[in-house]
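Chemist: Okay, here's what each chain looks like letter by letter:
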Amino acid sequence: MSTANIAPAPTPIIEARQLEKSYAQPDGSRIQVIAPSDLAIYPGQVMALLGPSGCGKSTLLRMLTGLSPASAGSVYWHGHPVRDESPNVAIVFQSFALFPWLTVLENVEAPLEARGMLPIERRKRSLRIIDAVGLDGFETAYPKELSGGMKQRVGVARALVVEPEVLFMDEPFSALDVLTAETLRGELLELWLGHKIPTRAIFIVTHNIEEAVVLADRIIVLGRHPAHIHADFKVDIPHPRDRQGAHFLELVDSIYRILTQPAHQHDTAPSRTFGPGMPARPKTIMLPHTRPGGMAGLLEILADRGGRVDLHRLADELSLEVDALLPTVDTAVLLGMLRVEEGDAVITPEGQAFAQADIQARKAIFRKAALANVPLLRQMEQALKAKSNRTLSEEFFRDLLDEHFGEEESRRQLETAIQWGRYAEIFDYDAATGKLTLTEA
Amino acid sequence: MSDLTLSTAQATPLPPAVTRPAGSRWSWALLIDIAVFLFVCAAIFGVYAIGRSWLGPVHPHVEISQNPGVLPLYALFSLVRISVAYVLSLVFALAYGYVAASSRRAEIIMVPLLDILQSIPVLSFLPGVMLAMVAIFPHSQLGVELGSILLIFTGQVWNMAFSFYSSLKTIPRELHEVAIIYRFSRWQRFAELDLPFSTIGLVWNSMMSVAGGWFFLMACEMFVLGNRDFRLPGLGSFLQTAASHGHTSAILWGLAAMIAVIVLLDQVVWRPIIVWADKFKFEQVESSGAAQSTLLQLIGRASIVLRLYRLILQPVFHWLTLTFTLGARRAAETFSAPKQNLVRRWIGYLLAAGVLVGLGFAVFHAVRELSDLHREDYDELLESAALSFLRVNTALILGALWTIPAGVAIGSNPRLARIAQPLVQMAASIPATALFPIILLFLLGLRGGLEIAAMLLMLLGTQWYILFNVIAGAMAIPTDLKEAAQIYRFRSWDRWRHLILPAIFPYLLTGMVTASGGAWNASIVAEYFHFQGRIVSTAGLGSTISSASDSGRFDVLLASTLIMATVVVLINRLLWRRLYRLASSRFKLET
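In order, the protein sequence lines correspond to chains A and B.
Residues in the first sequence are numbered consecutively from 1, following my numbering.
Residues in the second sequence are numbered consecutively from 1, following my numbering.
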């Protein structure tokens with residue numbers, strides 16, 4: 001989708017055109033992690049970038065701020081390439097990123113110091129901001145004396161003190177407990193809606209759907225492998241937003257649907273561009289990084305509830321975020337034990353059988369499903385069978401995977417495949433030697 | 001107190017595998033190693049060559065007094081030497097670590113170089129450095145003083161440089177991003193991020209370095225080189241003189257002074273610094289068992305110190321920050337980027353060319369020098385290397401044999417630990433070289449006395465590293481594992497085999513690596529000694545190095561030094577690094 005449907009479009013503060021990120025592989029080909037994307041940040045908006053973790057949200061944020069260079073395409077800051085300007089932006093980090101050896105006041109003053117502001121002036125400004133975020137009285141405290149919420153307030157104060165035109169927030173509330181996070185969200189909205197800060201736009205990266213719907217005027221949903229803009233829509237609910245309101249719930253549910261439903265048409269290996277003359281290679285299925293035990297739990301719950309459950313409600317009840325639940329759902333779908341329909345998870349007969357079986361029978365069902373649905377495991381079994389001693393080194397499979405994934409990802413893919421294969425008793429694995437051996441029936 | 005043991009465990013002398021440039025293949029790393037090693041050989045030769053060609057005439061004769069009354073003055077002399085050397089080391093370590101961590105290209109060479117420099121026996125630098133310094137200042141003691149300072153410097157600088165480098169490499173990405181996004185100047189980044197983040201590692205390594213400094217100070221305050229006799233008034237020369245004359249009371253006085261200085265340093269310098277450094281701990285939550293220092297509290301309360309800080313240090317700091325900010329901006333305005341790059345690139349090329357020419361020249365001459373040696377000389381050298389190898393490893397094994405049970409006993413009994421740890425720290429901080437004359441006094445009468453004494457010196461110099469680390473390892477064994485061993489009624493041997501040994505393995509390894517390097521270095525002092533007016537020696541690579549420098553045989557000295565460095569590097573690469581990998585993959589206690 002394009003941003004054209006955002007009706008009264010003034011000139012954007014930051015605009016990304018065909019922004020793309022890819023990493024070079026040792027063999028000269030490139031792995032794309034972010035597909036060419038257009039994105040614009042307009043004044044007066046809180047914009048949320050939503051997607052499962054590891055999908056490239058943070059990379060996108062870093063390219064927009066100029067921290068990380070784009071592989072192709074460019075970022076414009078008021079119409080000028082971001083490389084030439086040094087944009088007045090600030091970032092609030094998930095890990096707070098405070099300097100533990102500086103006091104609260106010194107932490108907040110540091111960015112002003114960097115701008116060459118005189119001590120008296122920068123102290124005045126810092127104290128004002130510290131007061132505004134509710135840290136009055138903690139000026140001389142060191143970060144380690146503060147609770148998580150207080151620490152993030154320092155992070156926010158440090159960001160606001162430079163009066164950034166755009167305030168970037170990278171999962172700012174993920175490291176906090178539920179209640180503290182809610183408080184901080186409220187305080188942020190208060191500052192923003194009350195025009196108490198000169199910031200003209202906020203760009204927040206999150207994997208929490210409700211957080212996005214509570215805060216944002218516009219939500220962009222990222223898809224995976226490679227990351228791409230999957231949906232882009234406005235949120236018209238007036239503040240303060242009622243989490244139980246019909247409109248709110250409907251919106252949350254529809255985002256759930258978007259995040260779960262069409263996932264599999266993209267769940268293939270990232271497309272790669274090869275040099276001229278290199279043959280295109282077949283796409284490989286990408287394994288979600290889960291363990292069989294997690295899927296068993298999900299299927300048991302489903303079987304318990306009559307075989308059909310609304311994913312959003314389930315996540316809510318289990319106090320899980322999409323992040324934690326989606327890979328498990330993906331695993332079950334991949335193995336044919338689950339279907340996702342309109343944001344609901346529906347168990348299949350195979351899934352039902354699995355949920356009700358005992359340990360040994362489960363392994364048999366899992367084995368059948370894995371060999372039928374996971375080409376990688378099938379390949380591994382065949383390769384092991386072809387050897388007279390039924391043994392191969394994991395390096396061999398790593399090399400196979402390296403053709404499709406980045407170094408890090410192929411390591412994780414193999415790890416997951418070994419995890420599954422061991423559970424299914426397809427092969428044994430010796431971690432010390434890195435050898436895989438076919439399990440004899 | 002537990003802090004010390006844990007941190008000695010962290011101060012790995014070997015660069016962990018992480019620090020190797022990512023993606024480098026074996027052969028590539030090997031090539032770099034070889035290149036770097038050649039470079040070091042050339043540099044060593046350079047030092048010798050300069051030293052020999054400048055062999056000047058005049059040198060003042062210093063008489064070392066044996067009157068206990070001079071001890072305070074002598075202690076001061078020694079202390080000044082150590083302090084100057086330490087300051088030099090710190091400055092150098094900061095510069096080296098900073099450059100290595102901020103330039104990819106420099107890193108490829110500088111990190112393996114550190115590894116090799118660490119393995120070169122410091123004392124074999126002695127003749128070259130001394131002769132060079134004396135030649136530069138022929139008419140004063142300054143030359144000898146500077147020489148001994150430089151030697152102490154080479155003994156303490158490498159682990160500090162490595163510590164700073166690896167701290168810089170482990171700064172979390174977000175903190176870097178904060179510095180970039182909020183446009184910190186280089187100075188501000190250094191002062192507010194790089195340096196504070198590395199402080200704790202630097203403090204612990206400084207303590208280790210200074211302890212090592214005492215070890216070498218004892219050896220290089222007084223020595224013979226060819227027909228020349230160098231003496232510097234100090235604690236080391238006092239003890240050596242006392243030992244060679246057999247003055248028991250003077251020896252005791254000297255030792256007492258030595259211990260007093262070390263205890264004083266510990267209380268007045270290190271304790272307060274450790275407590276102060278606590279604020280640089282990179283952690284999110286406040287830890288419970290924080291160290292304490294009465295002195296620091298006193299300083300903190302003393303308003304004069306605070307006032308001085310506010311009056312002098314703070315304004316200087318602010319001024320620096322402002323100047324650098326504005327300076328950086330002005331520089332950005334006046335210079336256009338490409339021009340600067342061009343100038344820089346040419347300077348880089350010129351430097352590289354200069355280094356290459358020097359390298360070639362030095363290697364050529366070193367090879368010529370080495371080819372003067374006969375085949376028999378080399379056979380003899382290798383034979384003595386084998387003897388030293390046996391001696392060093394016997395000492396290591398003996399050390400491990402007693403420290404493992406002792407360390408485990410101390411580490412798993414908190415009450416015992418509280419009593420034993422300060423004692424162990426005390427014992428460890430007395431330089432083995434100071435004790436050596438006394439040991440010789442007792443052992444020389446026995447048959448094979450020097451053999452025993454040599455190994456004892458190696459043990460004394462190195463067993464503490466092992467003990468510290470074993471204690472730390474034993475303290476880190478999780479209680480539930482111990483309980484599991486108890487509930488399933490593991491017998492004593494099973495408990496050792498399945499629980500204790502695997503759990504302390506990574507720690508033991510760290511201790512053994514440090515100890516191994518230390519023992520090789522100690523062999524130079526241990527195998528060859530001036531005692532009671534004569535030379536006592538036993539065959540070995542260390543004694544070859546010592547006697548070569550005594551008699552001014554530079555070719556033998558060069559060859560034996562290179563052999564020792566090679567042996568140490570080989571042992572590190574072939575044995576310790578592999579064991580490290582094993583330890584970090586199999587024996588890491590993870591939660």
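Just so you know, the hints here were simulated from the structure itself, not pulled from any lab data.
Watch out, some of these pointers could steer you wrong.
To be verified - Here are the simulated EDC-like pairs of lysine to aspartate or glutamate, each with C-alpha atoms no more than 16 Å apart in a straight line: (1) K368/A to E350/A; (2) K144/A to E483/B; (3) K279/B to E106/A; (4) K279/B to E350/A.
Chemist: Give a verdict on every hint.
Modeler: So, going through the hints one by one against the coordinates:
no.: 1; hint: K368/A to E350/A; in the structure: 10 Å, holds
no.: 2; hint: K144/A to E483/B; in the structure: 33 Å, violated
no.: 3; hint: K279/B to E106/A; in the structure: 14 Å, holds
no.: 4; hint: K279/B to E350/A; in the structure: 58 Å, violated
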